[in-house]
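K.L.:
Listed below, chain by chain, are the residues.
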Amino acid sequence: MTKQNNSDEERIILEDIESRLSSFGKDRWNLIPILQMIQTRHHYLPADAIRMVANYLDIAACEVYGVATFYNQFRFNPPGKHPIQVCLGTACHVSGGDIILENFERKLGIREGETTEDREFSLERVACVGCCALAPVAVVDKIVHGRMAPSKVEGLLLGFQIEKEKQERAKRSDESNL
Amino acid sequence: MNPIYNQQVEQAFDAIRQEAISKTKAAKNEDIPEITIGKATCGLAAGALDTESAFKEALAEQGIQARMKSVGCIGHCYAEPIVIIDHPASGFPPIFYHQVTPGKARMLVKSFLLDHDPLFEHLLGAMRENEMIPQVLDFPRFQFEKRIVMEQSGFIDPGKIEEYIARGGYSQLVKVLQSDPEEIVQGVKRSGLRGRGGAGFLTGAKWEFVSRAEGKEKVIICNGDEGDPGAYMDRTILESNPHQLLEGMAICAYAVGAGRAIVYIRAEYPLAVQTITQAIQQAEALGLLGKNILGSSFDLEVVVFQGSGAFVCGEETALIKSIEGERGMPQHRPPYPAQSGLWGMPTVINNVKTFSSIPAIVRNGPEWFSEIGTKTSPGTAIFSVVGDVVHPGLIEIPMGVTLRHLIFDVCGGIPKKKGFKAVQIGGPSGGCIPEALLDTPVDFDALNHVGAMMGSGGMVIMDEDTCMVNVARYFLDFTQKESCGKCTFCRIGTHHLLRILDRITKGEGRETDLEQLETLSQDIKRGSLCGLGRTAPNPILTALRYFRDEFEAHIFEKRCPACMCRQLTAYYIDLDKCARGCDACVGSCPVEAIFTTKDRKKGIDQTLCVKCGECMTACPEEYSAVKKVSPPDLAPIVERPDK
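Top to bottom, those sequences are chains P and V.
Residue numbers for the first sequence, in our numbering: 1 to 178.
Residue numbers for the second sequence, in our numbering: 1 to 643.
Don't read these hints as lab results, they were simulated from the structure.
Computed from a predicted model, the values in this text were never measured in an experiment.
A couple of the hints might just be wrong.
Said to hold, decoys possible - Covered stretches of chain V, as calculated for chain P (at least 3 residues, CB under 8 Å): (1) 222 to 230; (2) 240 to 247; (3) 385 to 391; (4) 443 to 454; (5) 499 to 511; (6) 622 to 636.
To be verified - Cut-off 25 Å, straight-line C-alpha distance, at most; resulting in silico cross-link-like pairs (SDA-like, lysine to any residue): (7) V:321 <-> P:142; (8) V:418 <-> V:175; (9) V:175 <-> V:44; (10) P:107 <-> V:593; (11) P:142 <-> V:620; (12) V:486 <-> P:13.
As the list claims (entries may be wrong) - With the Cβ distance kept under 10 Å, some of the chain V side facing chain P (calculated, not the full set): (13) 267; (14) 558; (15) 561; (16) 564; (17) 589; (18) 609; (19) 611.
Ideal Cβ placement from N, Cα and C applies to all residues, glycine included.
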């Protein structure tokens, strides 16, 4: 992806945030709900958005940053198209959640907390998704997959790859039809 | 209080109740079958949506009319996805089916709904007594439980307020609105209900402080920031029976004189947030919440606040800070939240389970409640029992039941004929309890006494293949990451504890490590402000107390007795058991470490092996050729033939 594209994308995000800020009050306790709104809509908090929020609530940007980094929910880099969360709660740990995480890391060639270069996948660990009876658990594209195993990791990623190739083929045949 | 005014409340509610009853009656058409599917988060994870669409497709194909009903979670996680089919025309009672895959769903539509054959091999039991099918209530899991908080979870549709009202919901609020607030507070106090969030403070006493506190405005907060890994009962209650919680909160608000209520839920529980938000809207629309509740002068505004994922926010002062828009750092107490909490107002903070117990206490009276459980911990406890256990799930049992009864009788014991090793109670603040102490009764005080704690009720069962050093390391890793950083001992001390444990699990332990772990743990307990720091060393201290030999094996023999610490373990293939020409393990290996030997058996290249254990699972049971050993140099060397 080119730099131009990136800044275009960010501009659109910032415009969207600006248009929604006015629906929040200016009291300090709106800070976390605002950050949550940005996180849910755009999946990360761009640096300029933090400045924008600080201006809106009339507090220092470092205050906003301090709060945002304190909580686990907020990200500061754009995530992949398919976010992957591996649960490392107690039950998942005992049944080998770290092995699942390692397998994703190996297959995707990234570490926990990173995004693949093509921005298809991002990988992170979460403390507990509350499905302990199905441990080990991974959440891919917000769908919870229970009773994971290294071979299932491979299967999941293979599924995405096949889907992607299918789409590309369809796109190519569409183009050749034109 | 003016009696005419009371009548108004009663009359206003009576109209609502009548409408709810007729609405649910109209929906329950006796002539067509009813298919009930559990659709809480765990059901969804097990594939309830696929099962539901399979039912719908099959019904359409066969041209059968049936009503699909969604409910929350019944707590029997091992059996998900759960389906209950009520098919009166077949002559059978409602039947409980477990692990209903889409394939089973299609089969059931054809065999049961069409041909009236309930498929005996797939059912778990019947929902009421009859002569054909054993009743589920006679099964140990159902019989030993006593459900107060979760009584209706999994039976009512959380998205429909009329179902809760038709079953008697909100009538306790009506009763309360006609009595003196002080009477309610005293009733809750007499019941002996202790806060279900973990610390076990007397709920009635907390309410009394707030009701007597100075200050015009008061606020109540429901703490649903269930951050404890391994516990999910709050989520289940929020997703399965939100109105019971709201009724409990409304009763509390009336009793202490609060006009505002906040439900604080983790953002990681999107379905719970959605369910409770919808429930609040429905209750407001009927006038059961909001301004002038049921025509009385009592107002209660309820809002949902989403927590952003910080374990420490389960601590009440940290939770208040996070609502105020600050970093969630615990504050010094006193002043207690009951004196000066959110925005300086007197604040009641109670757990989801505490508020959800209130309607039942009001209905049956404080004396009824105090007779359940033990003298000092009355009522029931909800545990999420997970890990190496036959029937994992949520169970609600009277306090005072022994751990042994709970694990072996109620939850079916340890699977695969393995031995029991320990049970971890209370999550990162709790401790591991060994077999010798399994006769400890479950209540606040007895658990504290053995070094664990009730905590939020997470219970992880561990079989003989679990390494206690590794488990202690896991919890330390968690608390170390979640420490807010305010107190030096908690911030830096947990980091050092983790480094020591890291060393030990890698086989680099030193002789002085055990003593250092103990002294540092004590210092952290003394030098921390909040519950997180004060309890963070508990997993280590209990592990050291009950499983010291395992620590010693790691340090002195560089051996992990449970073969769990990966640096101290190796996998190898027993050539005597390996079947010639079998390739089952080869495809399962994620790193291609498995090779074929000269005589067409298999070997593992130890330099490539990542010790994931997948080959062990893949090896057919009749061969069971893959073995684990510790220390790793015990693995026999199998030479890889040159290519």
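K.L.:
It remains to establish, for every hint, whether it holds in the given structure.
P.N.:
Right, here's what the structure says about each hint:
no.	hint	in the structure
1	222 to 230	holds (count 5)
2	240 to 247	violated (count 0)
3	385 to 391	holds (count 3)
4	443 to 454	violated (count 0)
5	499 to 511	violated (count 0)
6	622 to 636	violated (count 0)
7	V:321 <-> P:142	violated, 29 Å
8	V:418 <-> V:175	violated, 52 Å
9	V:175 <-> V:44	violated, 37 Å
10	P:107 <-> V:593	holds, 15 Å
11	P:142 <-> V:620	violated, 34 Å
12	V:486 <-> P:13	violated, 35 Å
13	267	holds, 5 Å
14	558	violated, 21 Å
15	561	violated, 16 Å
16	564	holds, 9 Å
17	589	holds, 9 Å
18	609	violated, 12 Å
19	611	holds, 8 Å
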